[in-house]
Every structure is written in C-alpha cells, then in structure tokens.
Amino acid sequence: MGRILAIDYGRKRVGLAVTDEFKIIANPLVTVHAKDLIDYLKDYTDRENVERFVVGEPLKMDDTPSEAAEFIDPFVKRLKKLFPHIPVDRIDERYTSKMASRAMVDMGTKKKKRQKKENIDLISAVLILQAYMESMNI
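Heads up, the final residue of the sequence shown is numbered 138 in this note's numbering, and it's a clean run with no missing numbers.
The set of hints was computed from the structure by calculation and includes no laboratory data.
It cannot be assumed that every hint is accurate.
As the list claims (entries may be wrong) - The calculated lysine-lysine pairs, modelled on DSS-like cross-linking and capped at a C-alpha distance of 25 Å, are:
id, residue 1, residue 2
1, 12, 42
2, 12, 81
3, 12, 35
4, 77, 42
5, 81, 42
To be verified - Pair by pair, the computed Cβ-Cβ distance ranges are:
id, residue 1, residue 2, range
6, 46, 88, 25 to 35 Å
7, 70, 24, 17 to 27 Å
8, 70, 1, 29 to 39 Å
Just so it is clear, the structure is predicted and the values come from calculations on it, not from any experiment.
No residue lacks a Cβ here, since even glycine has one placed at the ideal position from N, Cα and C.
Could you build the full structure based on these sequences and the hints that come with them?
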C-alpha cells in the first residue's frame, strides 16, 4: 500500500504531509525550502511508496486562480514530468493558512511557535491532505 503526500507549495517554504500506509491518518511530515523540494521528494519516494501527490490549489472566492497560481502551476508541471508514475491531484487550499493558525491557537501552541511560518505551512499541508481524504472518502 502506498502513501498520499500533500504539498502546500510556497515560494520560500513548502509544507509536506503524508498519510500512513493504510491511508487512515494525515500526519505532518516536514517543511523544506522550495529550492530543496525536488531533491527531498526524490529521496522520500526512493524510501517510501508514494502512490499520489496532492497539491494545494490557490483559488479566489470566485473560484478563479489566485496570483500564487503563477508559481504553483509550473511546479505541478515539473512534478508530473519528474514523477510520471505518481498521479498528481489538486485540491482547493483556500483558508488553510488561517485554519492552521487557528488550530495552533486551539491546541494551546505558544505564540512564539505560532509565529514561525514553517509551522503554519506544515499544518496547512495536513489540512490539505485531510480535505483530500474526505473528498475521496478515504
């Protein structure tokens, strides 16, 4: 059985989350610098069976692509080219950063940790993965 790996792609940092092998739980994986992402994914997919990538799709309220699509769409094309055997799905990522910040407050995370953008990116990736799993009834 393979894992599903979610990607919250940003220009500087990328949050990654992954399911367990049975696709029951979405777990935070790591936050990496965008420039290091492809190398990280190559290494990770060599060690783990990843059966699908899920990439957050930044949409505006009117369902049109946001400005972030300018750098995310080329990344998705590159991802598909470098990993042709792993399908890539997109899922709406609206409000994931706000939800991640709120979740950290609700969990009692100290303000200093909440201010670290990499923590928000990591939780956002988990939220993207959970939304995907719910949409697919996994």
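Against the structure, test the hints numbered earlier, and report the numbers of the ones violated in rising order. 6 and 7
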